[in-house]
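In case you want the letters, here they are:
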Amino acid sequence: MSKAPDLRVMLGPIELRHPVIDASGTFDVLEATARYERDFLTDFPFAAYVPKTVTREPRPGNPPPRVAETPSGMINAIGLANPGVAAALADLPRLAPLRAPVIVSVGGTTVEDYVAVVDAYEAALAAAAAGAAPNVVGYELNVSCPNVRSGCLSIGTDAHETEQLVAAVRPRTRRFLVTKLTPNVTDVVAIGRAALAAGSDGLSLINTLKAMVLDPATLTPLLGNRTGGLCGPAIKPLALRMVSELAEALDAPIIGMGGVISGRDVLEFIACGATAVAVGAANFTAIDAPDRIVAELRAEMRQRGLAKLSEVRGRALDRRPPAVTGS
Amino acid sequence: MSKAPDLRVMLGPIELRHPVIDASGTFDVLEATARYERDFLTDFPFAAYVPKTVTREPRPGNPPPRVAETPSGMINAIGLANPGVAAALADLPRLAPLRAPVIVSVGGTTVEDYVAVVDAYEAALAAAAAGAAPNVVGYELNVSCPNVRSGCLSIGTDAHETEQLVAAVRPRTRRFLVTKLTPNVTDVVAIGRAALAAGSDGLSLINTLKAMVLDPATLTPLLGNRTGGLCGPAIKPLALRMVSELAEALDAPIIGMGGVISGRDVLEFIACGATAVAVGAANFTAIDAPDRIVAELRAEMRQRGLAKLSEVRGRALDRRPPAVTGS
Amino acid sequence: MADVAGPASAHPQAKAAVHSCRVAAVRHYGPFACVTVVGPQLAAAAEPGQFVMIQVPDSRFLLRRPLSIFAVRDDEVTFLIEARGAGSARLTGTRAGDILSVQGPLGNGFPLAGVRRALLIGGGIGVAPLQFLADRLAAAGVGVTAAFGFRDARQARLAAAFHIEHLWLATEDGSAGRRGTVIDLVGAIGAAKNTVLFACGPDAMLAAVQRWAAERSLRGHASLEAHMACGTGSCHGCVVPTTSGYQRVCAEGPVLPLQEIVYE
Amino acid sequence: MADVAGPASAHPQAKAAVHSCRVAAVRHYGPFACVTVVGPQLAAAAEPGQFVMIQVPDSRFLLRRPLSIFAVRDDEVTFLIEARGAGSARLTGTRAGDILSVQGPLGNGFPLAGVRRALLIGGGIGVAPLQFLADRLAAAGVGVTAAFGFRDARQARLAAAFHIEHLWLATEDGSAGRRGTVIDLVGAIGAAKNTVLFACGPDAMLAAVQRWAAERSLRGHASLEAHMACGTGSCHGCVVPTTSGYQRVCAEGPVLPLQEIVYE
Ligand SMILES: Cc1cc2nc3c(=O)[nH]c(=O)nc-3n(C[C@H](O)[C@H](O)[C@H](O)COP(=O)(O)OP(=O)(O)OC[C@H]3O[C@@H](n4cnc5c(N)ncnc54)[C@H](O)[C@@H]3O)c2cc1C
Ligand SMILES: Cc1cc2nc3c(=O)[nH]c(=O)nc-3n(C[C@H](O)[C@H](O)[C@H](O)COP(=O)(O)OP(=O)(O)OC[C@H]3O[C@@H](n4cnc5c(N)ncnc54)[C@H](O)[C@@H]3O)c2cc1C
Ligand SMILES: Cc1cc2nc3c(=O)[nH]c(=O)nc-3n(C[C@H](O)[C@H](O)[C@H](O)COP(=O)(O)O)c2cc1C
Ligand SMILES: Cc1cc2nc3c(=O)[nH]c(=O)nc-3n(C[C@H](O)[C@H](O)[C@H](O)COP(=O)(O)O)c2cc1C
Ligand code: FES
Ligand code: FES
Chain A
21 MSKAPDLRVM LGPIELRHPV IDASGTFDVL EATARYERDF LTDFPFAAYV PKTVTREPRP
81 GNPPPRVAET PSGMINAIGL ANPGVAAALA DLPRLAPLRA PVIVSVGGTT VEDYVAVVDA
141 YEAALAAAAA GAAPNVVGYE LNVSCPNVRS GCLSIGTDAH ETEQLVAAVR PRTRRFLVTK
201 LTPNVTDVVA IGRAALAAGS DGLSLINTLK AMVLDPATLT PLLGNRTGGL CGPAIKPLAL
261 RMVSELAEAL DAPIIGMGGV ISGRDVLEFI ACGATAVAVG AANFTAIDAP DRIVAELRAE
321 MRQRGLAKLS EVRGRALDRR PPAVTGS
Chain B
21 MSKAPDLRVM LGPIELRHPV IDASGTFDVL EATARYERDF LTDFPFAAYV PKTVTREPRP
81 GNPPPRVAET PSGMINAIGL ANPGVAAALA DLPRLAPLRA PVIVSVGGTT VEDYVAVVDA
141 YEAALAAAAA GAAPNVVGYE LNVSCPNVRS GCLSIGTDAH ETEQLVAAVR PRTRRFLVTK
201 LTPNVTDVVA IGRAALAAGS DGLSLINTLK AMVLDPATLT PLLGNRTGGL CGPAIKPLAL
261 RMVSELAEAL DAPIIGMGGV ISGRDVLEFI ACGATAVAVG AANFTAIDAP DRIVAELRAE
321 MRQRGLAKLS EVRGRALDRR PPAVTGS
Chain C
24 MADVAGPASA HPQAKAAVHS CRVAAVRHYG PFACVTVVGP QLAAAAEPGQ FVMIQVPDSR
84 FLLRRPLSIF AVRDDEVTFL IEARGAGSAR LTGTRAGDIL SVQGPLGNGF PLAGVRRALL
144 IGGGIGVAPL QFLADRLAAA GVGVTAAFGF RDARQARLAA AFHIEHLWLA TEDGSAGRRG
204 TVIDLVGAIG AAKNTVLFAC GPDAMLAAVQ RWAAERSLRG HASLEAHMAC GTGSCHGCVV
264 PTTSGYQRVC AEGPVLPLQE IVYE
Chain D
24 MADVAGPASA HPQAKAAVHS CRVAAVRHYG PFACVTVVGP QLAAAAEPGQ FVMIQVPDSR
84 FLLRRPLSIF AVRDDEVTFL IEARGAGSAR LTGTRAGDIL SVQGPLGNGF PLAGVRRALL
144 IGGGIGVAPL QFLADRLAAA GVGVTAAFGF RDARQARLAA AFHIEHLWLA TEDGSAGRRG
204 TVIDLVGAIG AAKNTVLFAC GPDAMLAAVQ RWAAERSLRG HASLEAHMAC GTGSCHGCVV
264 PTTSGYQRVC AEGPVLPLQE IVYE
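Chains as they are written, first to last, in the numbering used here: chain A, 21 to 347; chain B, 21 to 347; chain C, 24 to 287; chain D, 24 to 287.
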C-alpha cells in the first residue's frame with residue numbers, strides 16, 4: 021500500500037478534504053489568527069469550520085470560573101457567551117478568506133430564536149456580494165447545551181420538542197441541517213430519529229455531559245454556574261457507544277465527537293459509523309493539535325493498509341437484525 | 021482541633037463506623053481473604069459489606085474480554101456473573117465472622133426474580149442459628165445494571181417500572197431497602213422519587229455509564245458483550261452532579277459513588293449530600309486502597325478542622341427554592 | 024459584545040507560536056521554582072505582562088497551565104512557578120534537559136507608554152511578572168519601586184529570585200520584612216502623583232490596591248488570573264467581570280486597568 | 024458455579040500481599056526489558072507460574088498490569104516485560120532505584136507433583152514464566168527441554184534473557200533458529216510418553232499445542248492471559264471458556280489443564 025491514503029469524505033452533499041472538523045465553541049479562527057504567527061484563515065487545519073454557537077441576542081455567558089480540569093477531561097460552563105447574530109453577521113466578511121466550508125452552529129431558548137438566527141443568516145448570505153462571505157454550507161442546531169438554565173436542555177432531551185424545533189427550522193433553509201444531540205438522555209436514538217423525521221439531514225454528537233466539580237478548598241461548586249459540561253478523553257467510550265447506537269438504528273450522516281485526541285480516535289469514531297469527526301477539548305492541548313491528529317490519521321491508514329475511510333466505516337457496528345421486542 | 025474527628029454516620033437506622041463502603045461487584049471478601057495474607061473478614065476495611073449482585077439463578081456472565089482500561093477509568097461487562105441465590109446462601113456461614121453490617125445486592129430480569137431472591141434471604145436468615153450468618157441489615161436493588169440485555173436496563177431507566185419493582189419487594193422485608201440508580205437516564209430524580217414513593221428507604225448511585233471501547237488492532241468492540249459500563253475517576257464529575265440533584269430534590273439517605281479514589285473524593289460526595297460513599301474501581305488500584313482512603317478522609321477532616329461529617333454534609337448543594345416551572 | 028475589544032496596548036503585540044523548549048536550569052526556593060528554558064523566538068517576542076501556556080509533561084493533564092513570563096535574558100525565558108496543585112507541582116519538578124512545550128507569548132502585557140515612575144505591587148506568587156517589567160522599565164530609565172507582600176517568611180523566599188534595586192517586603196506574620204499587608208507597605212512607601220501602579224496578586228490584594236489607588240487618584244494596571252482552557256481567546260473560559268462587562272483574561276488581559284475590575 | 028473450585032494445585036499456595044519494591048536492575052532486549060526488584064517476602068512466597076499485579080508508576084493508569092514471575096534469586100524477583108501498550112512501555116522504562124508497587128504472588132502456579140520429564144513450550148512474550156519453572160524443575164532433578172517460537176529475530180532476542188540448558192528456537196521467518204512455528208519445532212524435538220507439557224503463548228499457539236498434545240496423548244498445562252481488573256478473584260473480569268464453564272484466569276488460573284481450555 022504505497023499510494024497515499026485518500027482521506028476525503030462526503031458529509032451528505034458536502035465534500036470534506038478529510039474527516040476532521042472542529043467542535044463548536046473550541047476553536048475561533050479569528051482569535052487564533054489574531055494571536056498566532058500562523059494565518060489560520062488561509063492555512064485552516066480543519067476540513068470544515070463550525071464556529072461557536074450563535075444566538076439571536078448577545079449573551080454575556082455564565083459567571084466565572086467557567087472551566088476546570090478533571091481526570092482525563094475538563095468541564096465548562098461558558099453559558100453560550102456570544103455577541104449575538106447581528107455581530108456574528110457583521111464578522112462574516114472577515115471569514116471570507118476561509119476556503120473550508122462553514123457550518124453555522126445555532127442556539128436559542130425558544131423555537132423562534134433558532135428560526136430568527138437562521139433567517140438572519142439566509143438573508144445576509146443572499147445579500148452578500150461575491151467573495152464577501154465564507155461558504156456557509158449548513159447549520160448545526162445546538163439543542164443540547166446543558167448550561168443554559170432556561171432553554172436548550174429541555175429541547176434536546178425531549179424527542180417531541182426536538183422534532184418541533186427541527187420542523188420549524190427546516191423550511192427556512194435549503195442548506196445542510198445537522199442536529200447536535202445531548203448525551204444526557206435515556207435514549208439518544210429516539211431523539212435522533214425525531215430530528216431526522218422532522219427533516220434534519222444529519223446528526224452530530226455528543227455534546228457535553230452534565231456534571232459538577234467542587235472547589236477543593238471550600239467543597240462547594242467550583243464553576244460559577246455550579247454545573248457544567250464534561251468532555252475530553254474521559255468520556256470517549258460513552259461517545260463511541262452513542263454514535264454506534266445511532267449508526268445502527270438510523271440512516272443519516274453522523275458527525276461524531278467526544279474525547280478525540282489522536283488520529284486513532286478519529287478512526288474509532290468512523291468505525292462506529294461517523295462520517296466526520298469533531299475535535300473539541302483537544303484544541304486546548306495545543307494550537308496545532310488538529311494538524312497532528314490529521315497527520316496521525318493518515319499514518320494510521322497507511323499502516324493498516326487502508327486506501328479510503330469507507331473501508332473502515334461502520335466496522336464496529338452490530339449488523340445483526342434488531343432483537344424482537346417482547347421476546 | 022486536636023480531638024480525633026468522628027467518622028461515624030447513620031445510614032438510616034444503620035450505624036457505620038465511617039462512611040466508606042464497597043461498591044457491589046468490586047470487592048469479594050472471601051476471595052481476598054483466600055488469596056492475601058490479611059484476613060479481610062476479621063480485619064474488614066469497609067464500614068459495611070455490599071457483595072456482588074445475586075440473582076435467582078446462576079449466571080455464567082458475558083463472554084470475555086470483560087474488562088478494559090480507559091483514560092482515568094475502566095469499562096466492564098461482567099454480565100452479573102454469579103452462582104445464584106442458593107449458592108450465595110450456602111456461603112452465608114462463611115461470612116459470619118464479618119463484624120461489618122451486610123447489604124445484599126439483588127439483581128434480576130423480572131420483578132419476580134427480585135422477590136424470589138429477597139424471600140430466599142429472609143427465609144435463610146430467619147432459619148439461621150445464632151452466629152451462623154452475618155448481620156444482613158438491608159438490600160440494595162440493582163435495577164441499573166446496563167450490561168444485561170434482557171432486563172435490568174429497562175427497569176432502572178423507567179420510573180414506573182422502578183416503582184413497581186420496589187413496591188413488590190417492599191412488603192417482603194423489614195430490612196433497609198436501597199435502590200441503586202443508573203446514570204443512563206434523562207432525569208435521575210424522577211427515578212429516585214419513584215423508588216422512594218414505593219417504599220425504598222434510601223438510594224445509591226451511580227452505577228456505570230453505558231459505553232464502548234474498541235480493540236485498537238481490529239477497530240471492533242473489545243468487550244465480548246460489545247458495550248459495558250464506564251466507571252472510575254473519569255466519571256466522578258457526573259456522579260457528583262447526580263448525587264447533588266437527588267439530595268436537593270429528595271429527602272432520603274444516599275450512598276454516593278462513582279470514581280472515588282481518595283479521602284477528598286469521599287468528602288466531596290458527602291458535601292454533595294451523600295451519607296455513605298462507596299468505592300468501586302479504586303479497589304483494583306490496590307488491595308489496601310480502602311484503608312488509604314479512610315486514612316486520607318480522617319487526615320482531611322483534621323486539616324479542615326471538621327469534628328463530624330455532618331458539618332460538611334450538603335455543603336455543595338443549591339439551597340435556593342426550586343425554580344417555578346413554566347416561568 | 025463587551026469583551027471583543029481589548030484595552031489599547033502601548034506596544035505592538037508579537038505573535039504567538041508553539042515552542043519546544045529545552046530546560047536550561049531550575050532553581051528551587053522552597054515550594055517555588057525558577058525554570059529557565061531556551062526559547063530564542065519566545066524571548067524575542069515576549070513583552071512584560073505576557074504569559075505562556077505550558078504543557079505539563081504528563082499525559083494525565085489535559086489542559087495547559089498559564090504562567091507569566093518572569094524574566095527574559097538573551098535566548099532564555101524564565102518562569103517562576105509555585106507548586107499549588109498537581110500540575111504546577113509537576114512543573115516545579117522539571118529538570119535541566121527536559122523538553123517543555125510552551126505556547127506563547129500570549130495576552131496584552133503591561134502598557135508602558137508614558138510611564139515615568141512605577142510602583143510595582145505584588146502579592147504571593149503574583150510577583151511573577153514583575154521582574155521582567157522592572158527590567159524593561161529600568162532599561163527605559165523609569166524609576167521603579169517594588170513592594171511585595173507575603174504570608175510568611177516561607178513565601179517570602181520568592182523575593183530571593185528577584186533583582187530589583189528598590190524592593191520592599193512585608194509579611195503578614197512579620198517573619199520577614201515589615202509586618203503587615205502590602206497595602207500597609209505601600210502606605211509607608213507612599214507614591215508621588217505621577218506614579219503608575221502595576222499590581223499582581225490575589226483578588227483581595229488587588230481589591231485593596233484598587234481602593235488605595237482610587238483614594239489617591241493614582242492610575243494603575245492589574246495583571247489577573249483565571250482558570251483557562253485555550254489561552255487564545257477561543258473558548259471564553261477565562262472571563263472576569265469589569266466595568267464594561269466580562270473580559271477575557273487571556274485576550275483582553277491579563278493586564279486590565281486597575282479601576283475597571285469589578286470586585287463585589 | 025463452575026469457576027469457584029480451581030484445579031487442585033500441587034503445592035500449598037503462599038499468600039499474597041502488597042509489596043513496595045525497589046528496582047535493583049533493568050536490562051533491555053529491544054522492546055523487552057528484564058526488571059529485577061528487591062522483594063524478600065515476594066521471593067520467598069512465589070511459585071513458578073504465579074503472577075503479580077504491578078502498578079504503573081504514573082497516575083494516568085487506573086488498573087495494575089498482570090506480569091508473570093520470570094525468575095527468583097535470593098531476595099530478588101525478576102519480570103520479563105514486553106512494551107505492548109502505553110502501560111507496559113512505561114514499565115520497561117523503569118530505572119534502578121525506582122519504587123514499584125507489586126501485589127502478589129497471585130494465581131495457582133504450575134502443578135509440579137509427579138513430573139519426571141518436562142517440555143516447556145513458549146511463544147512470544149509467553150515465554151516469561153518458563154525460566155522460573157525450568158529453575159524449579161531442574162532443581163528437582165526433572166529433565167527439562169524448552170522450545171520457544173518467535174515471529175522473527177527481533178522477538179527472538181527474548182531468548183537471551185534465559186538460562187535453560189536444552190533450549191530450542193524457531194522463528195516464523197527463519198531469521199533466528201529453525202524456520203517455522205513452535206509446533207514444527209516440538210514436532211522435530213519429539214516428546215517421550217511421560218513428558219508433561221507446560222505451554223504459554225498466544226491463543227493460536229496454545230490451540231495448536233492442545234491439538235498436538237491430544238494426538239500424542241500427552242498431559243499438559245497452559246498458562247493463560249486475560250484482561251484483568253482485580254487479579255484477586257473479586258471481579259470475574261478475567262474469565263476464559265473451559266470445558267467446565269468460565270474460569271477466572273487470576274483465581275482458577277493462570278495455569279489450566281491444557282485439554283480443558285475451549286478454543287472455537
Ligand atoms: C495569566 C496567568 C499567569 C499566571 N502566572 C503564574 C506564574 O507565573 N507562576 C505561577 O506559579 N502561577 C501562575 N499562574 C497560576 C497558575 O496557572 C496556576 O497556579 C496553575 O495553573 C495551577 O495548576 P495546578 O495543576 O497546580 O492546580 P490544579 O488546581 O490541580 O489545576 C486544575 C486546573 O485549574 C487551573 N487552575 C488552578 N488554579 C489556578 C489559578 N490560580 N489560575 C489559573 N488557573 C488555575 C489549572 O490551570 C488547571 O487547569 C498564572 C495564571 C494565569 C491565568
Ligand atoms: C497472568 C498474566 C501474566 C502475564 N505475564 C506477562 C509477562 O510476564 N510479561 C509481559 O510482558 N506481559 C505479561 N502479560 C501481559 C501483560 O499483562 C500485558 O501485556 C499488559 O497488561 C499490557 O498493558 P499495556 O498498558 O501495555 O497495554 P494496553 O493495551 O494499553 O492496556 C490496556 C489494558 O488492557 C490490559 N491488557 C492489554 N493487553 C493485555 C494482555 N495481553 N493480557 C492481559 N491484559 C492486557 C492491560 O492490563 C490494561 O488493563 C501477562 C498477562 C497475564 C494475564
Ligand atoms: C469550552 C467549550 C465550549 C463549548 N461551546 C460549545 C458551543 O458553543 N456549542 C456547542 O454546540 N458545543 C459546545 N461545546 C461542546 C463541544 O462542541 C463538544 O460537543 C464537546 O466538548 C465534546 O467534544 P470533546 O470531548 O472533543 O471536547 C463546547 C465545549 C467546550 C469544552
Ligand atoms: C468489575 C465491576 C463489577 C461490577 N459489578 C456490579 C454488580 O454486580 N452490581 C452492581 O450493582 N454494580 C456493579 N458494578 C458497579 C459498581 O458497583 C459502581 O456502581 C460503579 O463501578 C461506579 O463506581 P466506581 O467508579 O467507584 O467504580 C460493578 C463495577 C465494576 C467495575
Ligand atoms: S482561556 Fe479560552 S478565551 Fe481565555
Ligand atoms: S481479574 Fe478480577 S476476577 Fe480475575
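Accuracy of the hints is not assured; some may be wrong.
[Stated by the list, open to error] Partner residues are not named here, just some residues of chain C that face chain D (Cβ under 10 Å, in silico): (1) S82; (2) R107; (3) A109; (4) D207.
[Claimed, not checked] A few chain D positions that, by computed beta-carbon distances, are all more than 12 Å from chain B: (5) K38; (6) V79; (7) R87; (8) E99; (9) A109; (10) G110; (11) P134; (12) R201; (13) L208; (14) G213; (15) E238; (16) A249; (17) G256; (18) V262; (19) G268; (20) E283.
Read the hints as simulated data drawn from the structure, not as lab findings. Glycine is no exception: its CB is placed at the ideal position from the N, C-alpha and C atoms.
Outcome of the hint check:
1. S82: 6 Å, holds
2. R107: 17 Å, violated
3. A109: 8 Å, holds
4. D207: Check failed: Cβ of D207/C comes no nearer than 42 Å to chain D, outside 10 Å.
5. K38: 4 Å, violated
6. V79: 10 Å, violated
7. R87: Contrary to the label, R87/D does not stay out of reach of chain B, its closest Cβ about 7 Å off (not over 12 Å).
8. E99: 20 Å, holds
9. A109: 9 Å, violated
10. G110: Violated: least Cβ distance 8 Å, not greater than 12 Å.
11. P134: Per Cβ check, P134/D is outside 12 Å of chain B; nearest 18 Å; holds.
12. R201: 28 Å, holds
13. L208: 26 Å, holds
14. G213: 34 Å, holds
15. E238: Holds, since 27 Å exceeds 12 Å.
16. A249: 6 Å, violated
17. G256: 4 Å, violated
18. V262: Check fails; 5 Å does not lie beyond 12 Å.
19. G268: 6 Å, violated
20. E283: 16 Å, holds
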